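Peer 1: Guided by the hints, dock chain B onto chain A, whose structure is given.
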Amino acid sequence: MKNIINREIPEFVEGYGKVIPFAGAFTTLPDMQRQAPKVKTIKPHQSKLVASLERVFKDIPVQNGMTLSFHHHFRNGDGVVNMVLETAAKLGIKDLKIALSSIFPVHAPLVEHIKNGVVTALDTNYMSGPVAQAVSLGILAKPVVLRTHGGRARAIECGQLKIDVAFIAAPAADEYGNINGVQGTAACGSLGYAFPDAQYAEHVVAITDCIFEYPLAPVSIPQTRVDYVVKVDSVGDPKGIVSGTTRITKDPVGLKIADTAARVIQAAGLIKDGFSFQTGAGGASLATAHFVRQMMEQQDVTGSFALGGITGYMVEMLEKGLFKKLMDVQGFDLEAVQSIGLNPNHLEIGADYYASPFNSGCTVNMLDTVILGATEIDTNFNVNVVTGSDGVIMGGSGGHADAAAGAQVTIVVANLLRGRLPIIVDQVLTVTTPGETIDVLVTERGVAVNPRRDDLKAQLKAAGLPVKEISDLKALAEQISGAPEALTTGNNIVAVVEYRDGTIIDVVRQVEA
Amino acid sequence: MGTILTTAQAGTLESSDIMITVAPAAEGSGIVIELESIVMAQYGKAIRQTLAEVLMEQGIKNAYLKAVDRGALDCTIRARALAALGRAGAVSKGEML
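Protein chains in written order, with our numbering: chain A, 3 to 515; chain B, 46 to 142.
If you are wondering where the hints come from, they were derived from the structure by calculation, not from laboratory data.
Just so it is clear, the structure is predicted and the values come from calculations on it, not from any experiment.
C-beta: ideal position from N, C-alpha, C; glycine also.
Just so you know, not all the hints are guaranteed correct.
[Stated by the list, open to error] Each computed EDC-like pair below joins lysine to aspartate or glutamate, with the alpha-carbon atoms no more than 20 Å apart: (1) Lys164/A to Asp33/A; (2) Lys327/A to Asp302/A; (3) Lys90/B to Glu72/B; (4) Lys4/A to Asp380/A; (5) Lys90/B to Glu480/A; (6) Lys144/A to Glu514/A; (7) Lys252/A to Glu59/B; (8) Lys233/A to Glu177/A; (9) Lys90/B to Glu438/A; (10) Lys90/B to Glu88/A; (11) Lys470/A to Glu487/A; (12) Lys470/A to Glu438/A; (13) Lys233/A to Glu88/A; (14) Lys90/B to Asp392/A; (15) Lys42/A to Asp61/A.
[Claimed, not checked] FRET-style restraints, in silico, Cβ to Cβ: (16) Met34/A to Ile78/B: 52 to 62 Å; (17) Ile482/A to Thr48/B: 32 to 42 Å; (18) Pro217/A to Glu59/B: 49 to 59 Å; (19) Ile78/B to Asp235/A: 28 to 38 Å.
For reference, chain A alone in the conformation it holds in the complex (with noise of 0.2 Å):
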């Protein structure tokens, strides 16, 4: 069948279940009750301390067919998720379903244990590295989950990813459970992605290499959530975790296209006080956040708040007033982690807060505007972040769906050009976001609305924009390389992508090795 953007998926994939087709961003609705977890006790002063991993494998017990979850605030430092899935292979345990936010090259060791069959399943909103190549290659028989931050956050809320185990990648915890993310040897910041597995998981896992005297302070996950404490001798490499101060690009290119993307912004009278914003951490995304930044200096505006992943660069903005609020799920480098530390403004969320659409009302819906990247945009806006120009998995949603869909103007920032591949195609090879989410495309070039906003088209144009028919982008970018040919891949599912409701909005197919 075909979803509402044109999209052949099947009504059934063996592996993942009955395809509920994406039928717009905001269309399908919530029909069922929040799942709950067993109601637990424990008795006055009994210990959470467990001696080792493997006595936590056994008291809790973990079986076969189980599906475990971890968070990926340590990125391609964390040492978590390696260490559990050795004891599990270490003790004979096959066939779980591994629920880790995002996935990065430090966890290739998940490939072994695919093909000795401990791991037959994985869910994630984000994977790189030699996991990613070898899962495109075909090689588990279920398809990969691929959800957005939000998204996984509702699935968790909604029963849908049932979690028998969360392990949680403690930077700081005390010997009850208490938990956060701004002390310790391996301090990262907000630990917000792991909020919905702490409150919705059967059996919740703190596994720490700094334990802290009881109290702990600040909590991030409470000690009414945590059944276990695990000290371990290192959770994973600091260098690893976070990075140094996250530079503005040097690119001039990538400078370009975020001076006109600042110019869209102010074009769009978004440019005033209690203006809110997010952006990401990388090139031209993170250099408009600096032009976004001279513009709120020169008419002295005060901003409401930025969200997301936190740079330095926003701490910097905090600091010097021109945001009142960061609203953190992540932090990306030191300053980001010291800040939220230290800073009452520096506020940590949780993935449902930020992002999920089944419940009351997340962050992003409150967002004036969002920066975002492109691997493919085609000409009717729908954005690939998940393959690359070669089919294979390289990325993921991550909050990119999320934010599209709450932001009033969403921005997709992206060279017309990426060596000689086109950005803007007829049909992408992936859809991740769906284009109706996305207002505008700032390339180098020119800029190109969506037709659905006519009122912004006519804004820009009045500001002196480059504006251009995405059509036209896409004949002067084939003018300059030539029309590239599309890529073929296979029948084989290797991976759904899951919209932030729930519903199949494309599928990924294995490509030839």
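Peer 2: Structure of chain B alone, referenced to chain A:
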């Protein structure tokens, strides 16, 4: 002209460039093109065609050509191919212009 006298190379492995090596081939062995590209799926055929065209335009009947492409545009591919052929003694500077 039209005969490759020696092995020669032009181009780099930088992004948006192509490194082309040409080597002499025996009479009657024809044109052999070996191509590696980061955009093989999208432009592999187009790159081979461009390379074959350049060789044909220069009247070269026998050659071994290896190209390692990092997403070069068509004009770059032509320029690098011509430069490699020039260095190999197959094309004189005047003919290139």
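Peer 1: Next step is simple, just say for each hint if it's right about the structure.
Peer 2: Against the structure, the hints:
About 17 Å separates the Cα atoms of Lys164/A and Asp33/A, which keeps this hinted pair within 20 Å; it holds. This hinted pair checks out: Lys327/A and Asp302/A have alpha carbons roughly 17 Å apart, not beyond 20 Å. Distance restraint check for Lys90/B and Glu72/B: the Cα-Cα separation of roughly 26 Å exceeds the 20 Å cut-off, and the hinted pair is therefore not satisfied. A distance of roughly 17 Å separates the Cα atoms of Lys4/A and Asp380/A; the hinted pair therefore holds under the 20 Å criterion.
Under the criterion of a C-alpha separation no larger than 20 Å, the hint pairing Lys90/B with Glu480/A is consistent with the structure, at around 16 Å. In summary, the hint linking Lys144/A to Glu514/A is supported, as the alpha carbons are separated by about 18 Å, within the 20 Å threshold. As the CA atoms of Lys252/A and Glu59/B are separated by approximately 18 Å, the hinted pair is consistent with the 20 Å bound. Note on Lys233/A and Glu177/A: the hinted pairing holds, with a Cα-Cα distance of about 9 Å set against a maximum of 20 Å.
Between Lys90/B and Glu438/A the CA atoms are separated by roughly 35 Å; this puts the pair beyond 20 Å, and the hint is violated. With a C-alpha separation of about 46 Å, the suggested pairing of Lys90/B with Glu88/A is violated against the 20 Å cut-off. Taken as a hint, the Lys470/A and Glu487/A pair is broken in the structure, with Cα atoms around 24 Å apart against an allowance of 20 Å. The hinted pair formed by Lys470/A and Glu438/A meets the criterion: a straight-line CA distance of about 18 Å does not exceed 20 Å.
Between Lys233/A and Glu88/A the CA atoms are separated by roughly 16 Å; this keeps the pair inside 20 Å, and the hint holds. Among the hinted pairs, Lys90/B with Asp392/A is consistent with the structure: their alpha-carbon atoms are about 15 Å apart, no more than 20 Å. About 15 Å separates the Cα atoms of Lys42/A and Asp61/A, which keeps this hinted pair within 20 Å; it holds. For the hinted restraint 52 to 62 Å between Met34/A and Ile78/B, the CB-CB distance of approximately 59 Å keeps it satisfied.
Evaluation of the 32 to 42 Å hint for Ile482/A and Thr48/B yields a pass: the beta carbon distance comes to about 34 Å. With their beta carbons about 57 Å apart, Pro217/A and Glu59/B fall inside the hinted range of 49 to 59 Å. Here the CB-CB span from Ile78/B to Asp235/A is close to 55 Å, at odds with the stated 28 to 38 Å.
Of the hints listed earlier, those the structure fails to meet are numbers 3, 9, 10, 11, 19, in rising order.
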